[in-house]
Amino acid sequence: MAEKIAIEARGLTKVYGFRKRVVAVENLDMRIEKGTIYGFIGPNGAGKTTTIKMLVGAIRPTRGEAYIFGEPVGSVRAKSYIGYSPEHPNFYSMHALDFLIYIGTLYGLPKDEAKGRAEELLELFGLENSADKNALTFSAGMKQKLSLAQALIADPEILILDEPTANLDPIGRYEVLKNIEELARKEKGTVFISSHILLELEKIIDHVTIIDRGKVILQSSMADLKRRFSENHFVIDVSDNRLLLDILKKDENVTKVWVNHEGKIEVMVRDGKRFKEKALEIFRTRRMELNEFYPYKISLENIFLKLLSNKSGDGE
Amino acid sequence: MSFSAVFRRELENHLNLKVLLIYVLILLIPLILFSNLSEEAQMFSNLTLDLKVEYLTGFFLIFAFVWICGFALSVITIYKCSGFIAEEVSSRTLLLMVSKPIKRHNFILAKFLAFFIFILLLQLLSLFVTLYFWASFFKLDVFSLAKVLRIVPPLMVYSTFIILVFGTLSTAFSSIFSSRTKAILPLIAIVIIAFIIFVPVRGAARSSGIYESYFLDTLDIGYDFGNIYVSILENSGVKPVPFIQGAIGSFTGTYIIPEGGVKVDYDHSVILESLDRAGYHSLEHSLLKLTLAPMLILILSVLIFQRRDVH
Numbered sequence: 291m292a293e294k295i296a297i298e299a300r301g302l303t304k305v306y307g308f309r310k311r312v313v314a315v316e317n318l319d320m321r322i323e324k325g326t327i328y329g330f331i332g333p334n335g336a337g338k339t340t341t342i343k344m345l346v347g348a349i350r351p352t353r354g355e356a357y358i359f360g361e362p363v364g365s366v367r368a369k370s371y372i373g374y375s376p377e378h379p380n381f382y383s384m385h386a387l388d389f390l391i392y393i394g395t396l397y398g399l400p401k402d403e404a405k406g407r408a409e410e411l412l413e414l415f416g417l418e419n420s421a422d423k424n425a426l427t428f429s430a431g432m433k434q435k436l437s438l439a440q441a442l443i444a445d446p447e448i449l450i451l452d453e454p455t456a457n458l459d460p461i462g463r464y465e466v467l468k469n470i471e472e473l474a475r476k477e478k479g480t481v482f483i484s485s486h487i488l489l490e491l492e493k494i495i496d497h498v499t500i501i502d503r504g505k506v507i508l509q510s511s512m513a514d515l516k517r518r519f520s521e522n523h524f525v526i527d528v529s530d531n532r533l534l535l536d537i538l539k540k541d542e543n544v545t546k547v548w549v550n551h552e553g554k555i556e557v558m559v560r561d562g563k564r565f566k567e568k569a570l571e572i573f574r575t576r577r578m579e580l581n582e583f584y585p586y587k588i589s590l591e592n593i594f595l596k597l598l599s600n601k602s603g604d605g606e
Numbered sequence: 008m009s010f011s012a013v014f015r016r017e018l019e020n021h022l023n024l025k026v027l028l029i030y031v032l033i034l035l036i037p038l039i040l041f042s043n044l045s046e047e048a049q050m051f052s053n054l055t056l057d058l059k060v061e062y063l064t065g066f067f068l069i070f071a072f073v074w075i076c077g078f079a080l081s082v083i084t085i086y087k088c089s090g091f092i093a094e095e096v097s098s099r100t101l102l103l104m105v106s107k108p109i110k111r112h113n114f115i116l117a118k119f120l121a122f123f124i125f126i127l128l129l130q131l132l133s134l135f136v137t138l139y140f141w142a143s144f145f146k147l148d149v150f151s152l153a154k155v156l157r158i159v160p161p162l163m164v165y166s167t168f169i170i171l172v173f174g175t176l177s178t179a180f181s182s183i184f185s186s187r188t189k190a191i192l193p194l195i196a197i198v199i200i201a202f203i204i205f206v207p208v209r210g211a212a213r214s215s216g217i218y219e220s221y222f223l224d225t226l227d228i229g230y231d232f233g234n235i236y237v238s239i240l241e242n243s244g245v246k247p248v249p250f251i252q253g254a255i256g257s258f259t260g261t262y263i264i265p266e267g268g269v270k271v272d273y274d275h276s277v278i279l280e281s282l283d284r285a286g287y288h289s290l291e292h293s294l295l296k297l298t299l300a301p302m303l304i305l306i307l308s309v310l311i312f313q314r315r316d317v318h
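Sequences listed follow chains H and F, in order.
Sequential numbering of the first sequence, starting at 291, is according to this note's numbering.
Sequential numbering of the second sequence, starting at 8, is according to this note's numbering.
Same shape as in the complex, but just chain F:
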């Protein structure tokens, strides 16, 4: 009963209209801007319907990895989950809560579960709305839209993974640190390194050979996220055209981009063969790397929180 009470209250808090609007804006604005500003958008008007579907899907997959299922989702997850305990400490409500008949770990779990369900639903909504918006912008018919929408299930699987990894870590940090800032900063740093800084660093390091010789692949968790992302897509039957694979590869390092880049013949067709996967780590390796550490940290932090004195 106590668990469901905390769960219900947290869910109601998330469903607050103001908060909801902020989330939707964070998730959608860059995509809407892209559809208006990108040069590629102009290019679409000259393509056949099938190619429009291919390219729209492909570009969306890149933006999904970078933003809607990447940076934006992880930052929202980190921000919310890092406040689970830290916010209770700063508002001095934790003392009252720990005196109530609910186990401390259930208190955290109820909060996490409420956020998890909320953000998954929001993510699903964001994906549908954005794809619909793009499809309408590029004047796709209903059948073509249906083809584009096949990418939603694998993107939801990847989103679940991202929420679990960053939610676990930020919940753990929230129970260890009393300050939200202390909990957020290391995680935001990880996100920036993984999704932004490592993109140019990886390219330069690979071309100079130091990526392999200095085992940078073991530090490059952006690659592991990309590896999982591409594997989920491929296992769901979503295989982008080589031009898009090249673009995804430049963000994730998961594809080997041929020298001189991927050539595309707009008048006739795209190159038929697929790009080779980089294969630094297996899917299992990447999954283990990105789940084991957060789980261990979470278990440790819950144990610490169980024993923590609350004033």
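Looking at chain H on its own, in the form it has when it is part of the complex:
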């Protein structure tokens, strides 16, 4: 397996229904390099889970194609690269340890090896004391952790996680995401993760795709994304913010300027580079004492909201 592209989708489309057709995913293109932690976000009903189910072979695409390390999705070889944790995990009426061993043997692990690995994972997720308890009696959080453990049992090349932190408390969320990141970095594995909790997600992902109503509205590396959304947006705090606000309001390069909840000035401009030069000149000529002047650190959540509000604005 010398493929550098872990997941590739070309024109992936899923349409449900015959008479009343519902387009769940439309023309999705994606190329995810090996070793990437890839965020897949979108509002409810955007098509995230449908896309994930197509990648793991549970749903057949209506059109388009997708590959896992060059193997068509749904094939046994493609599935052998994947560890998948569904949004709502369900288990057999089995002890947690036995369940993990069973899943391990499905990937071809010898029973002893599967047992060793299962015990390791139960410990990693803090479930070692529940190893001999029936998985059906687990709380939602424990089920989520067990689901992640089964996804990791065979050390898969690709982890596909659908809302892996949905049922966890903040500490659980932090621990799970930390574990995922550590495992991914250590094993140079690829993680494809969908989540609603963007604040935590943005700490670990390298790339992101945002979809809405089945269509991709943005694909980018996190670094590029933040640069793109931050380069023309600045935060300024000077000795006379009121005067500066009046000056900036008259500047043609400025598209929007306001005082934020901290009393600092936020300004959005057309040309960031030209604005920086102009701002420094204003501070100097107006003898303003400079406290802070930095590009706005935009969060993934803000980008997400901004994109969605722009999109709904476009549509109106």
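To be clear, the hints were calculated from the coordinates, so they are not data collected in a lab.
Hints are supplied without guarantee of correctness; some may be wrong.
Stated by the list, open to error - Counterexamples of contact, computed for chain F against chain H with all Cβ distances above 10 angstroms:
| hint | residue |
| --- | --- |
| 1 | Met8 |
| 2 | Arg15 |
| 3 | Lys25 |
| 4 | Val26 |
| 5 | Ser106 |
| 6 | Pro160 |
| 7 | Thr167 |
| 8 | Ala212 |
| 9 | Asp224 |
| 10 | Ile264 |
| 11 | Val317 |
Unchecked claim - BS3-like, lysine-lysine: derived pairs with alpha carbons at most 30 angstroms apart:
| hint | chain 1 | residue 1 | chain 2 | residue 2 |
| --- | --- | --- | --- | --- |
| 12 | H | Lys493 | H | Lys596 |
| 13 | H | Lys539 | H | Lys568 |
| 14 | F | Lys154 | H | Lys405 |
| 15 | F | Lys25 | H | Lys401 |
| 16 | H | Lys294 | F | Lys25 |
| 17 | F | Lys59 | H | Lys433 |
Note that CB positions come from ideal geometry on N, CA and C, so glycine has one too.
Chain H is fixed; fit chain F onto it per the hints.
Relative to the frame of chain H, chain F by itself:
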């Protein structure tokens, strides 16, 4: 590897003591009750050892067709096989399973094979235990018991046929329907019609002549099961006495019962000649009829299941 993992797990599930006990009770209870309650049981005490063997074998063949290799076996097979996929759907575990590196048809096949081996072993055990129980009840010696046990191999062949027919159909229905009830109901209806309802209907229809004139023989799959059953027995050298043939004939329609019934002289011997076979269909016809349709339905259902979206 994935195939054997599913196979092993399913076999372990079947070998669960509680489940095993339920199966054994379903298979054995009516036979045990029969041996205690039947009037014929009292009659045995006056017969010679050879006649005891003949009659014990004969009665067992009737009960085997109706219950142990018939109704009970087919209902257990239908119940278990109809849950292969439907149960995974209702417990919402199918999504996880189809994401694992195993072909969907192998997943079903592994489950079916595990059940097939389990139920065959259980059937063998049930036949031995029941026959032993009956033989002990009628005070047969070891040599006579050995004579009775010669019916076990053909009964196992017939049981294999029943498991394959109903297992195939219920596995197929399980992969098409998401609900176990939907998968079970049509098949239980077929079993009830074939093994229960058609017994009196066949008799009445034949005597009034409408059985042949309205081609009811083509619908009467109970007859086809009986035809296969009797053919397997006869090809294995098991030929019941006419009195038993008459009784088998009344359940299966495979023998022509003379007017006034089969006469038996208990003091001297049974009637020597065999009853004539009804011969509505050849063995090949019955085999083809009962295997072709389930196989086609299974192939179709596997194709549907391969393409099915799992949520």
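Hint by hint, here is what the structure shows:
1. For methionine 8(F), the shortest C-beta to C-beta distance to chain H comes to about 4 angstroms, within the 10 angstroms cut-off, and the non-interface label is violated.
2. Listed as outside the interface, arginine 15(F) is inconsistent with that label: its C-beta sits roughly 8 angstroms from the nearest C-beta of chain H, within the 10 angstroms cut-off.
3. With a closest Cβ-Cβ approach of about 12 angstroms to chain H, lysine 25(F) is found to remain outside the 10 angstroms limit, as its non-interface label requires.
4. Separation of valine 26(F) from chain H is adequate, the least Cβ-Cβ distance of about 13 angstroms exceeding the 10 angstroms criterion.
5. At roughly 4 angstroms from the closest C-beta of chain H, the C-beta of serine 106(F) falls inside 10 angstroms, breaking its exclusion from the interface.
6. Non-interface call for proline 160(F) relative to chain H: holds, since the shortest CB-CB distance, roughly 36 angstroms, exceeds 10 angstroms.
7. No beta-carbon of chain H comes within 10 angstroms of the beta-carbon of threonine 167(F); the shortest separation is about 29 angstroms.
8. The Cβ of alanine 212(F) lies farther than 10 angstroms from every Cβ of chain H, with a closest approach of about 44 angstroms, so its non-interface assignment holds.
9. At roughly 41 angstroms from the closest C-beta of chain H, the C-beta of aspartate 224(F) stays outside 10 angstroms, upholding its exclusion from the interface.
10. Listed as a non-interface residue, isoleucine 264(F) keeps its Cβ farther than 10 angstroms from every Cβ of chain H; the least gap is roughly 51 angstroms.
11. With a closest Cβ-Cβ approach of about 4 angstroms to chain H, valine 317(F) is found to fall inside the 10 angstroms limit, against its non-interface label.
12. Simply put, lysine 493(H) and lysine 596(H) have alpha-carbon atoms about 19 angstroms apart, close enough for the 30 angstroms limit, and the pair holds.
13. Only pairs whose Cα atoms come within 30 angstroms are accepted, and lysine 539(H) paired with lysine 568(H) is accepted, the gap being roughly 13 angstroms.
14. About 50 angstroms separates the Cα atoms of lysine 154(F) and lysine 405(H), which puts this hinted pair outside 30 angstroms; it is violated.
15. Distance hint between lysine 25(F) and lysine 401(H) is fulfilled; the C-alpha atoms sit about 26 angstroms from each other, no more than 30 angstroms.
16. Simply put, lysine 294(H) and lysine 25(F) have alpha-carbon atoms about 52 angstroms apart, too far for the 30 angstroms limit, and the pair is violated.
17. Our distance criterion of 30 angstroms between C-alpha atoms is broken by lysine 59(F) and lysine 433(H), whose separation comes to about 62 angstroms.
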